[in-house]
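Model the full structure from these sequences, guided by the hints.
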Amino acid sequence: MHLVVQAIILGLLTGGVYALMASGLTLAFGVMRVINVAQGAMIVAGAYVSYTLFTDFHIDPFVSIVLMAPAAFAVGVLLQLVFLRPLRSDEREELSLLVTWAIALGIEGVLSVIYTTTYRATLPGYVNDSLTVAGYRIAVVRLVAFGISGVILLLLYLVLHRTRLGRSIRATVQNPTAARLLGVDAERVSAYGFGLSVATATAAGAVFGMVEPFNPGSHYDLISRLLTIVVLGGLGSLTGAVLAALVMGVSEAVLAATISPTWSSLVFFVILIGVLVVRPQGLMGATERGRL
Amino acid sequence: MVACRFPDERGVVVRVASHKVSLAMAAVALAVTAACGGASGGSSSGSTKPLVIGISLSFSGDFSDPGHAAELGYKLWADQVNKQGGVLGRKVQLKIVDDASSPNQVVTNYQTLISRDKVDLVFGPFSTLLTAPAARVAARYGYAFPEPSGGGPLVFQEKLGNVFFVQPAPVVNCGDPFVSYILSLPPSERPKTAAYPELDDPFAEPIAERARLKFEAAGIKTVFKEVYPPEMSDLTPVVEKMAAAKPDMVFAGTQSDDAYSMVNAMVQLGFSPKFLFQANGANSPVEFPSKVGAKNTEGIFSCGDWFPNSKAPGNQAFIKAYIAKYGGTAADIDSGSAEAYAVGEVVSEVAKKTGKIDNATIIKTLHSGTWPTVEGNLSWDKYGAPNGSTMLTEWIGGKLLPVYPAAVALHPPVIPKPPWGG
Numbered sequence: 001m002h003l004v005v006q007a008i009i010l011g012l013l014t015g016g017v018y019a020l021m022a023s024g025l026t027l028a029f030g031v032m033r034v035i036n037v038a039q040g041a042m043i044v045a046g047a048y049v050s051y052t053l054f055t056d057f058h059i060d061p062f063v064s065i066v067l068m069a070p071a072a073f074a075v076g077v078l079l080q081l082v083f084l085r086p087l088r089s090d091e092r093e094e095l096s097l098l099v100t101w102a103i104a105l106g107i108e109g110v111l112s113v114i115y116t117t118t119y120r121a122t123l124p125g126y127v128n129d130s131l132t133v134a135g136y137r138i139a140v141v142r143l144v145a146f147g148i149s150g151v152i153l154l155l156l157y158l159v160l161h162r163t164r165l166g167r168s169i170r171a172t173v174q175n176p177t178a179a180r181l182l183g184v185d186a187e188r189v190s191a192y193g194f195g196l197s198v199a200t201a202t203a204a205g206a207v208f209g210m211v212e213p214f215n216p217g218s219h220y221d222l223i224s225r226l227l228t229i230v231v232l233g234g235l236g237s238l239t240g241a242v243l244a245a246l247v248m249g250v251s252e253a254v255l256a257a258t259i260s261p262t263w264s265s266l267v268f269f270v271i272l273i274g275v276l277v278v279r280p281q282g283l284m285g286a287t288e289r290g291r292l
Numbered sequence: 001m002v003a004c005r006f007p008d009e010r011g012v013v014v015r016v017a018s019h020k021v022s023l024a025m026a027a028v029a030l031a032v033t034a035a036c037g038g039a040s041g042g043s044s045s046g047s048t049k050p051l052v053i054g055i056s057l058s059f060s061g062d063f064s065d066p067g068h069a070a071e072l073g074y075k076l077w078a079d080q081v082n083k084q085g086g087v088l089g090r091k092v093q094l095k096i097v098d099d100a101s102s103p104n105q106v107v108t109n110y111q112t113l114i115s116r117d118k119v120d121l122v123f124g125p126f127s128t129l130l131t132a133p134a135a136r137v138a139a140r141y142g143y144a145f146p147e148p149s150g151g152g153p154l155v156f157q158e159k160l161g162n163v164f165f166v167q168p169a170p171v172v173n174c175g176d177p178f179v180s181y182i183l184s185l186p187p188s189e190r191p192k193t194a195a196y197p198e199l200d201d202p203f204a205e206p207i208a209e210r211a212r213l214k215f216e217a218a219g220i221k222t223v224f225k226e227v228y229p230p231e232m233s234d235l236t237p238v239v240e241k242m243a244a245a246k247p248d249m250v251f252a253g254t255q256s257d258d259a260y261s262m263v264n265a266m267v268q269l270g271f272s273p274k275f276l277f278q279a280n281g282a283n284s285p286v287e288f289p290s291k292v293g294a295k296n297t298e299g300i301f302s303c304g305d306w307f308p309n310s311k312a313p314g315n316q317a318f319i320k321a322y323i324a325k326y327g328g329t330a331a332d333i334d335s336g337s338a339e340a341y342a343v344g345e346v347v348s349e350v351a352k353k354t355g356k357i358d359n360a361t362i363i364k365t366l367h368s369g370t371w372p373t374v375e376g377n378l379s380w381d382k383y384g385a386p387n388g389s390t391m392l393t394e395w396i397g398g399k400l401l402p403v404y405p406a407a408v409a410l411h412p413p414v415i416p417k418p419p420w421g422g
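Protein chains in written order, with this note's numbering: chain A, 1 to 292; chain B, 1 to 422.
Heads up, a few of these hints could be off.
Selected chain B positions facing chain A (Cβ under 7 Å, derived; list incomplete) [unchecked claim]: (1) 231; (2) 241; (3) 291.
Quick caveat, the hints were computed from the structure, so don't treat them as lab data.
Heads up, the beta-carbon is just placed ideally off N, CA and C, and yes, glycines get one too.
Have a look at this one:
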């Protein structure tokens with residue numbers, strides 16, 4: 001029983017970080033119907049920038065998020081303007097796959113040239129510290145990462161629900177034509193939405209770099225996990241992505257600790273298929289364009 | 001089947017024939033010469049043309065870092081040999097091409113190097129994944145295939161007679177020195193229980209399984225054995241389960257990033273076994289401490305084929321030449337560079353011993369005797385698997401040192417492993 005509870009704690013903490021990673025992906029789809037398969041590469045790029053800021057300038061990875069997020073937002077807006085806006089709206093979902101895949105490969109190539117393919121890890125002094133609570137070990141870095149992810153997701157939620165930009169984004173998600181008729185500049189909203197998506201990716205990257213070793217090719221594994229989380233949660237649903245990430249984190253950790261790590265990923269996919277059979281729109285996805 | 005003949009013999013044949021026949025025979029002779037050059041590669045002593053050696057290395061993709069390390073070693077060897085007048089008076093020219101870490105591209109590269117570029121010799125690429133298909137190509141053309149890093153079972157299962165893995169032992173034997181050391185301890189000091197976390201990988205799992213069978217036969221009880229998939233980047237759940245089994249010893253079949261993740265999870269969970277062996281990852285002098293923290297390396301065992309302070313023949317000269325050419329310190333030298341350098345060394349030694357440098361001679365000669373290199377004194381079985389043993393290494397005082405067997409040890413093993421951060 002001790003092992004199971006320990007695994008649940010680990011799964012929740014890991015799931016929180018994956019929720020942050022997946023939030024940008026679901027946001028990009030919700031706002032623009034863009035399936036951003038470069039999300040994993042952007043997370044890895046964020047991990048590298050944070051790694052450099054820490055090793056060369058001694059800036060704590062959590063502090064680096066504050067510096068990186070605005071720059072990443074600007075990069076996201078630029079990427080949307082240059083690569084995604086020109087796509088024809090009736091083929092955007094399909095074409096965005098190709099375009100963002102090209103962006104992912106481009107990012108991987110640049111990172112390989114700059115950093116080589118050697119694995120890196122961001123290791124602040126506290127990275128292996130842990131707390132013991134009621135006999136359970138909790139890694140401090142995971143706890144803080146979970147907390148930071150929670151704060152960023154809360155901020156994202158507040159932006160979407162308490163600001164004019166957020167209302168515009170939600171309006172565009174629910175009904176782009178009506179939003180446009182009411183004066184919402186859909187193109188600008190899309191650019192800002194993608195900017196937010198990239199900003200969350202780099203923030204997640206700073207956290208990811210402390211939790212797992214990474215190299216430029218790490219994005220392949222990441223994107224496959226993130227896509228399954230977003231599909232399980234319901235494409236475009238932020239709450240669904242958070243819920244699905246926690247389900248994934250807990251199910252994998254508990255199964256790896258109690259049965260076998262070989263089965264843990266498989267069981268997550270079994271859950272995914274089971275949910276999709278009962279609810280094709282995912283846990284929290286709407287059957288029509290809608291909720292974010 | 002065309003027999004190759006030396007230029008002077010061919011000249012006699014041409015002179016005794018009539019004019020037209022002479023021309024025809026000269027043409028045939030030239031064709032035969034070309035064919036012989038292409039089929040057997042290389043030539044014997046007496047020629048002054050450059051000795052062209054074709055090599056495919058990875059400069060992009062997964063193997064680009066080790067590919068670069070091998071390139072440094074190959075180039076250093078060529079420089080050193082050329083400074084001394086070349087191999088049998090022939091200057092060495094390396095023709096190095098990029099395979100982008102692709103098994104398909106590596107096949108194309110060696111086919112091109114051999115059949116179109118007609119290089120005299122070929123040296124191997126990085127990794128078993130690329131070496132196995134490349135060795136088949138070389139075998140088809142009758143080329144010797146000394147190679148620095150294709151030590152997985154796949155290479156030797158091909159049963160090719162032209163392959164020579166220029167390291168002390170096949171990859172799966174990596175844990176043997178640790179097993180020997182543990183079993184050499186008095187029973188009271190030996191671990192009673194053991195855990196085997198194993199990466200599902202041809203270079204990791206077989207090492208741990210080989211050790212497990214030997215330990216079980218010696219009475220060390222297995223309390224945990226788990227194979228984890230390569231995509232599992234966070235090993236905390238595995239370590240949680242392993243820690244709950246409370247083993248005295250952990251023998252981990254690791255590769256690289258999983259080794260780092262495993263140690264970090266052990267530190268976070270406060271689980272420190274008395275003996276910890278990691279097959280790979282922990283044997284990287286530069287990378288390992290940077291991924292797990294220098295203080296957490298203490299007392300961890302691994303295996304290795306080369307060290308800066310190894311007593312192997314010519315090692316100090318190699319280090320001096322490396323630093324002179326590339327700068328840095330001995331600690332910065334990747335073992336992949338030493339492995340590639342050793343490939344060149346064995347070929348030089350064949351030339352020195354036989355006075356010839358053709359592929360048939362290299363293949364025949366290397367199948368007998370012992371060959372001194374910076375990797376130690378090497379010999380091979382008929383399929384190119386080395387007959388020696390790797391060294392057991394341990395992190396002691398922040399340095400990775402060979403500790404067993406005693407003949408190569410620079411420090412006695414330190415047991416038990418101190419607590420993390422100690």
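Quick rundown of the hints versus the structure:
Hint on residue 231(B) holds. Least Cβ distance to chain A is approximately 5 Å, under the 7 Å limit. Below 7 Å, beta-carbon pairs count as interface contacts, and residue 241(B) has one with chain A at about 5 Å; its hint therefore holds. Against a cut-off of 7 Å between C-beta atoms, the interface hint on residue 291(B) holds, since the closest Cβ of chain A lies about 5 Å away.
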